[in-house]
Amino acid sequence: MIEVTVFYYLVLSVIIFSIGAYGMLSSKNGVRLLMSIEIMLNAVNINLVAFSSFQGNLTGQVFAAFTIAIAAAEATVGLAILLALYRSFGTVNLRKISKMRW
Amino acid sequence: MNIIVFSIISAITILSAIGVISSQRIMHSVLSLAVMLLSVAAVYAILNAEFLAVIQVLVYTGGVIVLLLFATMLTRSDLQLKREQPSDIKPAVAAASIFAIGLLFYIVGNNWKSLGPAVVGSVKNIGMLIFNVKKDVIPFEIISLVLLAAMVGAIFLGRKEAGQ
Chain A
63 MIEVTVFYYL VLSVIIFSIG AYGMLSSKNG VRLLMSIEIM LNAVNINLVA
113 FSSFQGNLTG QVFAAFTIAI AAAEATVGLA ILLALYRSFG TVNLRKISKM
163 RW
Chain B
27 MNIIVFSIIS AITILSAIGV ISSQRIMHSV LSLAVMLLSV AAVYAILNAE
77 FLAVIQVLVY TGGVIVLLLF ATMLTRSDLQ LKREQPSDIK PAVAAASIFA
127 IGLLFYIVGN NWKSLGPAVV GSVKNIGMLI FNVKKDVIPF EIISLVLLAA
177 MVGAIFLGRK EAGQ
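Protein chains in written order, with my numbering: chain A, 63 to 164; chain B, 27 to 190.
Some clues are possibly wrong.
[Unchecked claim] Below, a list of computed lysine-lysine pairs in the DSS-like style, where the Cα atoms sit at most 25 Å apart:
id: 1; chain 1: B; residue 1: 116; chain 2: A; residue 2: 90
id: 2; chain 1: B; residue 1: 150; chain 2: B; residue 2: 160
id: 3; chain 1: B; residue 1: 161; chain 2: B; residue 2: 150
id: 4; chain 1: A; residue 1: 158; chain 2: B; residue 2: 186
id: 5; chain 1: A; residue 1: 90; chain 2: A; residue 2: 158
id: 6; chain 1: B; residue 1: 161; chain 2: A; residue 2: 161
id: 7; chain 1: A; residue 1: 90; chain 2: A; residue 2: 161
id: 8; chain 1: B; residue 1: 150; chain 2: A; residue 2: 158
Hint data in this document are derived by calculation from the structure and do not stem from the laboratory.
Extracted from the complex, chain A is given alone in its bound form (with noise of 0.2 Å):
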């Protein structure tokens, strides 16, 4: 039976951090953006407390739960700038709310 060690995690997070990312690049909507954006922060929460749990340091988690904090206001605020676009422009397709955009 192999040993799951820390470097398994590592490459499981770069794998869910590069969906997330991908999906933030390609991503017509606004919504998605905002889910993309969650994926790519749960990939570092997963690094966190994969360094905190092999190395017996709590720190990691700490910071882990302050990042999942953060995320939940970041979520707040996405949402409300984008009800808030969706009222001027009628839309949250990204490719078409460009008017400050060249």
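Dock chain B against the given chain A, drawing on the hints supplied.
Using the frame of chain A, we list chain B on its own:
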């Protein structure tokens, strides 16, 4: 930790993360995100971080998913959703895969053998860290200010303009 359990949980995590970015309907994406967050909670559980697993289920699947469902329904995103054009996808695929390959090379190139097996972190010890004046109590208090500011900001951004 048993590698079979780890493989099953990470397969569920990766597949549901792919589901989030590839489903046609945005509602299906939100539901895949719920599955993904629950399986990340399972990853925390097999890393002996029970406190974070519970926090993950409470905050993410209890709070963030509900917010995302509200946003999906209020913005009626499903009506405008179309598949991405190939020209949109190529730079994103290139950037994400270059990033992933670079990080994987870095991870494979390092020796992680010096790190021991996973240890048990109890809730009590985390509380001792957070509420210790010499450790993390100041970030903890600042987090409460950040949450208050986010709440006020969300109310301000989300309200209707006067006269509308």
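Results for each hint:
1. B/116 with A/90: Within the cut-off at roughly 14 Å; holds.
2. B/150 with B/160: 17 Å, holds
3. B/161 with B/150: 15 Å, holds
4. A/158 with B/186: 22 Å, holds
5. A/90 with A/158: 9 Å, holds
6. B/161 with A/161: 46 Å, violated
7. A/90 with A/161: Distance ~16 Å between residue 90 of chain A and residue 161 of chain A Cα, so the pair holds.
8. B/150 with A/158: 50 Å, violated
Checked against the numbered hints given earlier, the structure breaks hints 6 and 8 and satisfies all the rest.
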